[in-house]
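Student: Take a look at the letters that make up each chain.
Protein chains: 2
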Amino acid sequence: MECRNILIEAEGDMGKALQLLKERSLLKVEKKKDRVTSQGLVEAYIHTGGRIGAMVEVNCETDFVARTDEFKELAHHLAMQVAAMPPRFISPEEVPEAAEIEVQADCLMLQPFIKDTDVTVQDIINETIAKVGENIKVSRCARFELGEL
Amino acid sequence: MECRNILIEAEGDMGKALQLLKERSLLKVEKKKDRVTSQGLVEAYIHTGGRIGAMVEVNCETDFVARTDEFKELAHHLAMQVAAMPPRFISPEEVPEAAEIEVQADCLMLQPFIKDTDVTVQDIINETIAKVGENIKVSRCARFELGEL
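Residue numbers (the working numbering), protein chains in the order written: chain D, 1 to 149; chain S, 1 to 149.
Honestly, I wouldn't trust all of these hints.
Repeated chains share a single entry, so a pair holds when one copy, or any two copies, can fit it.
[Unchecked claim] The calculated DMTMM-like cross-link candidates involving lysine to aspartate or glutamate, where the alpha carbons are at most 25 Å apart (straight line), are:
hint: 1; residue 1: Lys72; residue 2: Glu145
hint: 2; residue 1: Lys137; residue 2: Asp116
hint: 3; residue 1: Lys33; residue 2: Glu145
hint: 4; residue 1: Lys131; residue 2: Glu2
hint: 5; residue 1: Lys33; residue 2: Glu148
Derived from the structure by calculation, the hints contain no laboratory data.
Work the whole structure out from these sequences, hints included.
Tutor: Here it is, written out as structure tokens:
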């Protein structure tokens, strides 16, 4: 129904309709960004051979969404992402003012997603927010590499 | 051969022989405690439902030992231990002087082992040291519980 209305609004122009659809769903995602996320999943990923391990806590609003395949897959991808590309911060807002960092490599949210480097980690989270209809946040992550201490 | 010699030393007394055997293997374990541990495994354990996750780095001396079933099992048990009983420190040596802690609950090494509360975590590590013949150390651990932040 929403697609139909958008197609009417775009006067039958498919490209314009897609653009409108994207803007709308992003708007919906933005509206959810202040909602409390107290449920979710702790997920871990051990790189083959046990030389690298990563753990993330990904939060959503309800236990129901935490149990969906979309959310589980997101949590799994995020754990893999942290194993593959060590972030120093979750989001740019966390970075102290004086810190000298490479913002796109060091902030998990701004990193290119390992399975599709055309989009960022924040993009794939937004995609899941749009799918499941709940706010989603990564509250923390840890990454151990053998012998790095 | 060693057992035979010990039995002779104990003059056939089985109880005394076992005691001697235990002392000898503990002595061997102590001798290994200064050896460098740069290999090992990163292991994670997610408690059913993904509400709690734990990750540990367990080190040994060679990659060969890291791949043995004994070492893998130890790493797995340690990850489960951290998930079940949140430690604040690895060993008592790490605890700052002024810290008010319950040393047996807060130090991983002194905790009762979850699968056999008659022994400590250090005991099961010592047991594995005696089995595999290499020094073993836990260098770090992390534990995430959903919504605790």
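Student: Please go over all the hints and tell whether each is borne out by the structure.
Tutor: Going down the list of hints, with the structure as the test:
1. In this homomeric assembly, lysine 72 and glutamate 145 come within 25 Å of each other (Cα to Cα) both inside a single copy, at 24 Å, and across copies, at 17 Å.
2. In the homo-oligomer, the alpha carbons of lysine 137 and aspartate 116 lie at most 25 Å apart inside one protomer (20 Å), although the nearest pairing across protomers, at 38 Å, exceeds that limit.
3. When the C-alpha separation of lysine 33 and glutamate 145 is checked against a cutoff of 25 Å, the pair qualifies only between copies, where the shortest distance is 22 Å, while the shortest distance within a copy is 33 Å.
4. For a Cα distance limit of 25 Å, the shortest separation of lysine 131 from glutamate 2 inside one copy, 15 Å, qualifies, whereas the shortest one across copies, 66 Å, does not.
5. Within a single copy, lysine 33 and glutamate 148 get their C-alpha atoms only as close as 36 Å, which misses the 25 Å cut-off; across copies the closest is 20 Å, which meets it.
Checked against the numbered hints given earlier, this structure breaks none of them.
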